[in-house]
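Visitor: Since chain A is already given, all that's left is putting chain B on it; use the hints.
There are 2 protein chains.
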Amino acid sequence: MSILKIDMSNKEVIVEDFPRDNLVGGRAMIDYLLTKHGIPTAHPLSPEAPFIAAPGLLAGTSAPQSGRMSFGGKSPLTGGIKEANAGGTAGDKLGRLEIRAIMIVGKSTKWQVLKINAEGATLESAGDIVGMENYAACAKLRQRYGEKISIIIIGPAGEMKLANSTIAVTDLDDRPARHAGRGGVGAMMGAKGLKAIVVDSADTSLRKGVDADAFKKAVRAAVETIQNNPVRKVFNSLGTNVCIDVDGDRGSLPTRNHRHGAFENRKGLCSNTMIELNNARGGTMGTACMPGCIVKCSPIFYDSDGNHVTSALEYETVAMLGANLGIDNLDSVARMDRRCDELGLDTIEVGCAIGVLNDVGLFEFGDAAKAEAYIEEIAQGSPMGRIIGSGVTQTANIFGIDRIPAVKGQGIPAHAGRSLKGWGVTYATSPQGADHTAGVVEDDPLNPVGQVTRSRTEQISMAALDATGLCMFTFLHSTPEVLASMVAALYDVEWSAADFEELGREMLRQERAFNIKAGIGSEADRLPDWMRTDPLPPTNAVFDVPQEEIDQLFNF
Amino acid sequence: MSILKIDMSNKEVIVEDFPRDNLVGGRAMIDYLLTKHGIPTAHPLSPEAPFIAAPGLLAGTSAPQSGRMSFGGKSPLTGGIKEANAGGTAGDKLGRLEIRAIMIVGKSTKWQVLKINAEGATLESAGDIVGMENYAACAKLRQRYGEKISIIIIGPAGEMKLANSTIAVTDLDDRPARHAGRGGVGAMMGAKGLKAIVVDSADTSLRKGVDADAFKKAVRAAVETIQNNPVRKVFNSLGTNVCIDVDGDRGSLPTRNHRHGAFENRKGLCSNTMIELNNARGGTMGTACMPGCIVKCSPIFYDSDGNHVTSALEYETVAMLGANLGIDNLDSVARMDRRCDELGLDTIEVGCAIGVLNDVGLFEFGDAAKAEAYIEEIAQGSPMGRIIGSGVTQTANIFGIDRIPAVKGQGIPAHAGRSLKGWGVTYATSPQGADHTAGVVEDDPLNPVGQVTRSRTEQISMAALDATGLCMFTFLHSTPEVLASMVAALYDVEWSAADFEELGREMLRQERAFNIKAGIGSEADRLPDWMRTDPLPPTNAVFDVPQEEIDQLFNF
Chain A
395 MSILKIDMSN KEVIVEDFPR DNLVGGRAMI DYLLTKHGIP TAHPLSPEAP
445 FIAAPGLLAG TSAPQSGRMS FGGKSPLTGG IKEANAGGTA GDKLGRLEIR
495 AIMIVGKSTK WQVLKINAEG ATLESAGDIV GMENYAACAK LRQRYGEKIS
545 IIIIGPAGEM KLANSTIAVT DLDDRPARHA GRGGVGAMMG AKGLKAIVVD
595 SADTSLRKGV DADAFKKAVR AAVETIQNNP VRKVFNSLGT NVCIDVDGDR
645 GSLPTRNHRH GAFENRKGLC SNTMIELNNA RGGTMGTACM PGCIVKCSPI
695 FYDSDGNHVT SALEYETVAM LGANLGIDNL DSVARMDRRC DELGLDTIEV
745 GCAIGVLNDV GLFEFGDAAK AEAYIEEIAQ GSPMGRIIGS GVTQTANIFG
795 IDRIPAVKGQ GIPAHAGRSL KGWGVTYATS PQGADHTAGV VEDDPLNPVG
845 QVTRSRTEQI SMAALDATGL CMFTFLHSTP EVLASMVAAL YDVEWSAADF
895 EELGREMLRQ ERAFNIKAGI GSEADRLPDW MRTDPLPPTN AVFDVPQEEI
945 DQLFNF
Chain B
395 MSILKIDMSN KEVIVEDFPR DNLVGGRAMI DYLLTKHGIP TAHPLSPEAP
445 FIAAPGLLAG TSAPQSGRMS FGGKSPLTGG IKEANAGGTA GDKLGRLEIR
495 AIMIVGKSTK WQVLKINAEG ATLESAGDIV GMENYAACAK LRQRYGEKIS
545 IIIIGPAGEM KLANSTIAVT DLDDRPARHA GRGGVGAMMG AKGLKAIVVD
595 SADTSLRKGV DADAFKKAVR AAVETIQNNP VRKVFNSLGT NVCIDVDGDR
645 GSLPTRNHRH GAFENRKGLC SNTMIELNNA RGGTMGTACM PGCIVKCSPI
695 FYDSDGNHVT SALEYETVAM LGANLGIDNL DSVARMDRRC DELGLDTIEV
745 GCAIGVLNDV GLFEFGDAAK AEAYIEEIAQ GSPMGRIIGS GVTQTANIFG
795 IDRIPAVKGQ GIPAHAGRSL KGWGVTYATS PQGADHTAGV VEDDPLNPVG
845 QVTRSRTEQI SMAALDATGL CMFTFLHSTP EVLASMVAAL YDVEWSAADF
895 EELGREMLRQ ERAFNIKAGI GSEADRLPDW MRTDPLPPTN AVFDVPQEEI
945 DQLFNF
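Chains as they are written, first to last, in this note's numbering: chain A, 395 to 950; chain B, 395 to 950.
FYI, nobody ran anything at the bench for these hints, they're computed from the structure.
Same chains, same label: a pair holds when it works inside one copy or across any pair of copies.
With a straight-line Cα cutoff of 30 Å, these simulated DSS-like cross-link-like pairs (lysine-lysine) come out:
(1) K534 to K504
(2) K911 to K430
(3) K399 to K501
(4) K911 to K399
(5) K764 to K504
(6) K542 to K501
(7) K534 to K405
(8) K405 to K542
(9) K509 to K542
(10) K430 to K504
(11) K509 to K534
(12) K399 to K504
Okay, chain A solo, but in the shape it has when bound (with noise of 0.2 Å):
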């Protein structure tokens, strides 16, 4: 297998061999090069910044929803190291070329793109893709490199090198609808001067495994365990966006700049109303983003004229750009969901950011056309749009607001962390800052006890989960053994769930440890003092998991 390490200061392209058997893929890959080659003291948007991709350990074989590609490096969101993912349809591709890692270094004066084949890679002029938005740039590279490639490419927010900015990949329909959204990762690519990955598997076929026949045992078994699971029936017909309900229900839904934890017109924004416009007008609920996909997790939503409006409407974006800014009306917010997914903009971020304006007058709760004005300004890249482009922290710091939602300058994503005290723990101490996947903690949401223990386990189980390309949604991390035995029989090595805590535990080491040499340390593993002392209503919780405890978090 291999890694292409490419230098964009003078295009060379080195492809090196990677052994088969180093068992690092995804998030892992990431922490793994980066603790090699990275220099945690360098600018994020340097040229000696390594910029990472890598599709997960599973990627290109028949392994359920294991296409999912993480992107990284130093984050100019946070300063520390950052990995974000997407599903999409590259990962698979990626795999199937046996291509482990894309490691990039330098910086292009000319905007380029990678193309990959079963041939190699090289790059090319961007040419005029530059400055467009995702989905004509992606219309325009099909019609350059063929129909059945993939893409990963950034939006004009990336190019605008905006800390708030994401990497987007293709779907099924070759929308580019997935974003590895956090903490960036737009900006890393944007700074190499790489504008997109066009990725092509013509002539290649599924990775069927060194032990071929173990692999498909152990495949039909993850299956078998992912169509059991009851919640794989819910997210499929109602979507992420069932949270609306869920969490507005328990006062963990962040409402108004995070001020509240339930949104009095949430029904405007729940996955009922949803299904009824979409029944309406035909958009679909539970569609796949990938190839292999059980879950179908993914509501198309389609505006009142019958025409497309966006892919992947999901609960953090809902719940952000409508209940955080007070605004109740899912076709403004499926709107917003659009222009972020055109730009290359992480929603949470975004929700966040234009959140803390009603601070200081510059908001209004419920103005979803100056919501929706303020994305055009990121547009423009007017300094507004900047401002807001460069995420909640920022936006904060220029305009003296010292009431900010983020932990490492990332903003607090929509499970509000004093109503659901364990995700609070994870927001706090998660080495990428405040993330709603580092690490799910539903159990006895109000109760301070208990919560540093789960939110390590989850936080151990959730990195290594990250590192094989499976979805989240296959919840395959809770049950290791059986994931175990794909990667087992794919690389013909023993690998158990022992092993697979193990690799979660060695990337958050690794995490930590670039954390702590970019000079992020234990003193950044905190909320923000005003939810310890700011109740949230309906709860009228304040965050009180004791912060010595949260200090012994890492200590395994």
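Guide: Leaving out everything else, chain B in the frame of chain A:
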């Protein structure tokens, strides 16, 4: 003696006894109070974060030029501890009033003025000075509170809570031309809802000292030492702006965004030009800013119509708004200085921030009109103005610029660290961020050897000097026994040169400890990487003091 403890939330003013023999003042008082009452993890602009103003140990006495005022707290610019001091007349008055410090917490919803006189301290509505620029606001305050007051005030930048905002102190001409410039102390004061402090020392007299005769004798010795220092005459006749030639000659004059160390058009900026213009227009060199000044270093600059433009047109300003922006027109620089004084902006930080905009095509070197226009944007509080007014690091972050002339978020001043490697070590390591007063190291400037030791020595004695209220240009930190005799006699304690040095060490220990708790550790004690790789013409030096050696600086 007393300290005033004020809670702006309930307007409570408590006068607390402060032990006369606790020998902390100025910067040491800030370190002491922040160590005791500060919350290193709190947001710098939060109500919980204390803002402190303190005159030095020798304030209100006949000790020569001993009236510098220190201001500090947690910096919105660096995120660490911050002390910035300024000359002017307020320190002397607070000393006469036997006030050792003012510590302010909380936040007033309406802007206040703190009135201090022999009868006590009261908070009053700021009334119509809110939003006013500094000169007009000071005129109003003199109408309101009498002609003999000293004024400590924030301009619109501090009201806007910009991370680059200063606190002005009125000088002997009642002009708000003396600024505690660095690190956003104006925003700290603004975050409390405090627009100004007016100090009236009527019915007080000079502090004579517990051992009055010994003190008188010690002061005489100090005066003599200052008078015999040859540098005094240079600064008196040429101003600090003499460094335009000194630094230009040795290649350490930051020019065009820190890309050159000499400016071919420096003649337009140098002291001789300033003197010629002043002679022709009625301006003056060599004025004093505070009572008891012997050095008298400050120019007062007039325009071609014979009208006052600005007072205290110093080297750092001329270099950073002149050479660093490729501007060779002293009139333009003087106008910008005045605008920065009016708005309450640090000229070093503004010069750095506008300079980096050249990297993204938003500023052409030499375009004085554009530079002036950018400062007006800050006055207007436009998004672009707020970006620039938030300092160089945030400006760079918002525009995706990865070559940032800053340490710990604070812009690098006008003695280039590559051609002056001892200053470079000071910039890298000072707990205050890149600071030209934190430790001046002139010896053997291009040789990396020995600079860490020199910088350590200078940082220690400079810190201690900042505790006394003495102006740096007394150079009494070089003869600590002379200085210590004054303190010993004033407070009637045993206090030697060794105690002076130990005070400096303890201050640096406290500052560093605060920073570490705030999440700023030794990883932040470094110059930007590009200063180690990009040679600075004309010396073509890179910064090559080994980082391992730098990391030992605080081992004392």
